[in-house]
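Just need the whole structure built from these sequences, with the hints factored in.
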Amino acid sequence: DQQVKQNSPSLSVQEGRISILNCDYTNSMFDYFLWYKKYPAEGPTFLISISSIKDKNEDGRFTVFLNKSAKHLSLHIVPSQPGDSAVYFCAASPVPPYSGAGSYQLTFGKGTKLSVIP
Amino acid sequence: DGGITQSPKYLFRKEGQNVTLSCEQNLNHDAMYWYRQDPGQGLRLIYYSQIVNDFQKGDIAEGYSVSREKKESFPLTVTSAQKNPTAFYLCASRTLYNEQFFGPGTRLTVL
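Protein chains in written order, with our numbering: chain A, 1 to 118; chain B, 119 to 229.
What the hints contain is simulated information worked out from the structure, not anything from laboratory work. Note that beta-carbon positions come from the ideal geometry of N, C-alpha and C, so glycine has one too. No false leads were slipped in.
In the BS3-like style, the derived pairs of lysine-lysine whose C-alpha atoms are separated by at most 25 Å in a straight line are: (1) B:127 <-> A:38; (2) A:5 <-> A:110; (3) B:127 <-> A:113; (4) A:71 <-> A:56; (5) A:5 <-> B:175; (6) B:201 <-> A:110; (7) A:110 <-> B:127.
Ranges of calculated distance between the beta carbons of each label pair, as one might list FRET restraints: (8) B:187 <-> A:70: 42 to 48 Å; (9) A:83 <-> B:180: 37 to 43 Å; (10) B:191 <-> A:69: 42 to 48 Å; (11) B:148 <-> A:118: 39 to 45 Å; (12) B:201 <-> A:18: 39 to 45 Å.
In structure tokens:
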């Protein structure tokens with residue numbers, strides 16, 4: 001049973017436009033969400049995170065939105081650049097930062113491959 | 119320069135052999151993790167360790183073993199009992215923010 005779902009395996013966007021990557025989750029215990037970017041044959045790189053007490057977090061061109069009632073989060077990249085072309089993974093944890101307890105396991109989605117076309 | 123290193127980058131194994139993948143971190147993180155990635159799949163947790171001399175099975179631990187004798191090191195052994203070991207293996211360590219930082223990965227191929 002997939003607890004974190006990224007239903008779009010791939011996405012193509014024109015350079016300069018907005019990229020929107022979506023992620024749905026089923027476990028209502030998830031409390032903390034992260035986005036990772038991965039190039040082929042490399043380890044994932046942490047991009048941005050959001051705690052369930054917030055509905056938006058921004059970092060430069062990257063913004064993550066969380067809709068707890070819909071169990072949905074999205075990553076917006078604007079403007080998109082060719083260097084953003086990579087696989088993006090959504091991850092979720094039942095344990096918030098600094099909680100001092102829990103297994104801190106992350107559950108990952110299967111990823112969305114983003115291609116930004118020059 | 120802090121980070122996570124994994125070696126080797128590429129590893130070839132004959133059927134029936136055990137192989138050990140190395141993971142070292144100098145970030146002073148207590149928790150470390152091993153994941154496996156297959157094509158078109160997300161990252162699946164093999165083993166994790168919250169602290170030295172302690173480790174727990176993840177979702178797909180069968181055919182793997184680990185040790186955690188030092189804070190900096192968390193080696194993974196892929197045993198002959200692992201029926202489909204060809205994959206990309208990723209090691210990670212965790213910050214207090216519950217962000218996991220990953221090493222560059224080891225690609226294991228069974229000949």
